[in-house]
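S.K.: Under the numbering used here, the first residue of the sequence shown is numbered 4, with each subsequent residue one higher.
There could be a bad hint or two in this list.
[As the list claims (entries may be wrong)] Label pairs and their computed distance ranges (CB to CB):
| no. | residue 1 | residue 2 | range |
| --- | --- | --- | --- |
| 1 | 261 | 113 | 19 to 29 Å |
| 2 | 208 | 254 | 21 to 31 Å |
| 3 | 208 | 145 | 30 to 40 Å |
| 4 | 153 | 404 | 33 to 43 Å |
| 5 | 82 | 186 | 28 to 38 Å |
| 6 | 107 | 187 | 51 to 61 Å |
| 7 | 186 | 434 | 48 to 58 Å |
| 8 | 262 | 392 | 22 to 32 Å |
| 9 | 101 | 203 | 54 to 64 Å |
| 10 | 301 | 187 | 20 to 30 Å |
| 11 | 145 | 254 | 16 to 26 Å |
| 12 | 158 | 200 | 17 to 27 Å |
Hint data in this document are derived by calculation from the structure and do not stem from the laboratory.
Since the structure is predicted, the reported quantities are computational estimates derived from the model, not experimental observations.
Cβ coordinates follow ideal geometry from the N, Cα and C atoms, glycine included.
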Amino acid sequence: MFCQLSDRAHKIFAAGRRFPQVVAALSTILCASVFLSSCGGSAPGSSSTAGGGNSATGLTVTATLPTATVGSAYSGALSASGGTPPYAFSTSSGALPQGVVLSSTTGTISGTPSASGSFSFSVLISDSKGLSKQQPLEITVANATDVAVSVTPSASTVSAGGSTQFSAQVSNTTDAAVTWTASQGTISSTGVYSAPQVTASTAVTISATSAADPSASASASITVNPATQVSASASSGGNSFYNLQHSGGWAQYGQRGPNFVDCSPSPCDGINFWMNQGVSSPSLSGDATEYDVGGTVGFSDALWNNHLIGPSSSQGMPDSNQSVVPSLHNFTYDVYFFGYNLGTSQALEFDVNQFFGNMGFIFGHECRIAGGNEWDVWDDQSAHWIPTGIPCYPKSNAWNHLTIKVQRTSNNQLTYQSITLNGVTSNLNWTYNHGSTPGWYGVTINYQMDGNQWQNPYNVYLDNLTFSYD
């Protein structure tokens with residue numbers, strides 16, 4: 004009867020109930036010797052609180068001992084209360100994990116474990132008045148999992164002077180940082196690779212190395228091809244640049260509302276975007292380019308721009324004496340595009356731009372898909388989109404053929420001549436005044452993908468992109 008009562012008293016005390024002096028007195032009066040020898044301490048565990056000791060005191064030990072990992076810094080803690088500080092801590096039996104030590108003054112258990120397993124031990128805690136308590140404990144040490152790195156895409160093709168986006172995934176560590184390197188060309192800290200100028204097809208390797216574990220890395224292969232050259236086009240009566248989706252010189256930007264200011268590189272402002280050249284499937288030519296957009300902010304866009312004629316020409320036409328660009332009046336943007344789920348797209352945009360004499364001629368064409376399946380054109384002077392009433396229903400899982408024809412008139416106005424989608428031509432012949440772009444010069448093209456309200460990620464492939472001018 005007495006031992007049953009003292010065991011009950013001890014459990015109440017260990018659970019932190021009130022009236023510890025009453026419990027201790029009952030224990031002492033009823034079964035002091037049995038209580039001291041068989042009722043003290045608590046079961047081993049990652050965290051425990053225990054009362055009692057080698058005398059009738061309220062000395063309590065609290066242990067916070069999380070699971071450890073081999074090779075990783077560990078920190079646990081013991082604390083005492085109910086006695087008279089300062090307290091002293093020591094191991095009385097068993098052993099701590101290899102590489103881990105107990106501080107005799109603070110109760111901190113720290114170090115770097117070198118072996119896995121479950122380690123049982125007991126600690127002795129003493130206060131300044133000589134009161135003490137022995138507490139059984141346990142620390143579990145788990146094996147470390149090797150850090151792993153992967154790179155996507157694993158292979159890519161890009162034209163000289165072009166760029167493409169890579170991403171690295173790091174697993175089995177909370178540190179996702181990597182260091183990028185390239186055997187030729189350059190690669191940014193965010194994985195944007197910029198190809199060098201080459202005269203022959205060149206193999207390049209890029210690598211991502213884990214910051215957490217420099218022995219963990221992954222690589223990808225890149226084929227850098229010479230830039231596309233200009234050719235005469237008998238059918239258009241002028242000149243054309245062919246396979247521009249495969250050309251170098253593409254710059255890429257994210258744009259977020261309400262101001263849609265360019266940001267780069269990806270990811271930025273909650274937008275993810277990238278392009279991958281040299282795609283063989285899906286492809287018509289065997290050399291398509293994949294464009295992707297996603298992110299966390301709805302109605303955000305990804306813009307790709309290429310300077311064809313003028314400064315920074317990707318086609319070897321800098322027009323240094325500024326004589327070519329002002330002489331051009333007629334432009335054709337001809338492209339094939341493919342998407343697995345085009346219904347995800349808010350809109351796809353295809354633009355022709357001409358700048359000289361502080362004038363801007365931005366021929367913007369937007370196929371609103373989730374936004375209403377209608378073509379809009381850009382009023383350059385008033386800077387807003389104009390619905391055309393022309394339907395735009397591109398097909399998913401199929402190649403769509405788009406041809407846009409525009410003209411800068413002799414009195415420097417913009418004329419939207421026609422839009423042809425999958426063999427159906429809609430004639431517009433709408434004319435607008437030009438905009439103002441002081442200091443700008445050249446001919447450029449744009450391709451843009453707009454995100455829907457949820458910014459669901461999607462990709463589109465371009466192939467056989469031809470730009471004709473005269």
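S.K.: Confirm or reject each hint.
M.R.: Checked hints:
| no. | hint | in the structure |
| --- | --- | --- |
| 1 | 261 with 113: 19 to 29 Å | violated (51 Å) |
| 2 | 208 with 254: 21 to 31 Å | holds (24 Å) |
| 3 | 208 with 145: 30 to 40 Å | holds (35 Å) |
| 4 | 153 with 404: 33 to 43 Å | holds (36 Å) |
| 5 | 82 with 186: 28 to 38 Å | violated (55 Å) |
| 6 | 107 with 187: 51 to 61 Å | holds (58 Å) |
| 7 | 186 with 434: 48 to 58 Å | holds (52 Å) |
| 8 | 262 with 392: 22 to 32 Å | holds (29 Å) |
| 9 | 101 with 203: 54 to 64 Å | holds (57 Å) |
| 10 | 301 with 187: 20 to 30 Å | violated (39 Å) |
| 11 | 145 with 254: 16 to 26 Å | violated (47 Å) |
| 12 | 158 with 200: 17 to 27 Å | holds (21 Å) |
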